[in-house]
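S.K.: Sequence:
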Amino acid sequence: GLPGRPLPVDSPFRLGFVGALGVAAALLLVRVVLAAAPILLLVGIALFFAIGLDPAVSWLQRRGLGRGWAVFAIVAAVVAVLVVFVAAAVPPLLSQASGLRTEFPEYLERLERDNDMVRELDERFGIIERVRGVLAGGPEAEVPVFGGDGLGSVVGVARGVFAAFASTLTVVVLALYFLASLSGLKHTAYRLVPRSRRERFSLLADEVLDRIGGYLLGNLATSVIAGSAAFVFFVIVGIPYPFPLALVIALTGLIPLVGATIGSVVAVLVAFLISVPVGIATLVFAFVYQQFENFVLAPRIMKRTLDVSPLATIVAALIGAALLGVFGALLAVPVAASIQIIGRQVVLPRQEAS
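Position 305 of the sequence shown, counting from 1, maps to 305 under this note's numbering, and the rest follow consecutively.
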């Protein structure tokens, strides 16, 4: 027979059917993203590191090296630094960390015995007992044990170590591929933009990527300086286990503005367990160094990369940490700077012209 009349565009059935398909597609997309979230996070971290190393690769390219050789030189330098660091740092780090873990219960007993406030807090909340349980790997640590023996814990630790190694290897390989093909990826992405806006978009995107890369390198430099300064101070005043304490400060120093202070909390506690004067000196050092980093060191290193107010930096870091932990705090500041650049270059001119 003859075909029937097509449904009108504004047909309730057609609108409902298309709307239902849209909702189903959105739900499916959300489920796919949630299922692939760990992999997407690794991809994002790898791309982040590739963008951070790209300014160094571009610097070598401007001096005559090809892209491939420049990437090889940077990767070789990074690997060499890591090998030297591991060879020099891991043995004393493991030794001192093991000693700190062994002697920390004694520090807790001394703190509980000599400090009335800590003893009262422990009686009310059981803080010290919880810490002891975590250090001893007992029930308070909430570590699952299968079969009534330690086999489940051993398997869990081995599984965690293997997962961490696999994730690290994945990030390294992806970062290497991203770094080698970053210019091609940018060129392909720019071609998706209409020709009339392509030049402006490419200039804006290049500025954003350059600032992100410069921020990462600068942030790494400030964290290394923070850890080195803390290590020297700990050795001078005689704080035990200076290497793991300084490493904690260096790692937390990646968090903008307050990272070194957060990392200094453990060192201050250990210092107060030695003596009150050493604890006060460590507290003063942490405060003074944080001010030096915020107002002298960081502005000099970051002056050509980011231009974000301290308030915006803290808010962005807090939001990023709430979403993705330490990596989110590290990523949030360049994202905030990128939004600021787009606002200045795109949004504000349109508002002024309207």
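In case anyone wonders, no lab produced these hints; they're calculated from the structure.
All residues carry an ideal CB built from backbone N, CA and C; glycine is no exception.
Please note that the accuracy of each hint is not assured.
[Stated by the list, open to error] FRET-style restraints, in silico, Cβ to Cβ:
hint	residue 1	residue 2	range
1	ALA24	PHE85	18 to 28 Å
2	GLU207	GLU123	54 to 64 Å
3	GLN345	VAL84	18 to 28 Å
4	PHE165	GLY16	47 to 57 Å
5	ARG110	ILE262	41 to 51 Å
6	ARG159	ILE339	36 to 46 Å
7	PRO194	PHE292	23 to 33 Å
8	VAL84	VAL288	24 to 34 Å
9	PHE85	LEU41	21 to 31 Å
10	GLY44	GLU106	39 to 49 Å
11	PRO349	ASP206	31 to 41 Å
[As the list claims (entries may be wrong)] With a straight-line Cα cutoff of 25 Å, these simulated DMTMM-like cross-link-like pairs (lysine to aspartate or glutamate) come out:
hint	residue 1	residue 2
12	LYS186	GLU207
13	LYS186	GLU199
14	LYS186	ASP210
15	LYS186	ASP206
S.K.: Taking the numbered hints from earlier one at a time, note which ones the structure violates and give those numbers from smallest to largest.
M.R.: 1, 3, 5, 7, 11
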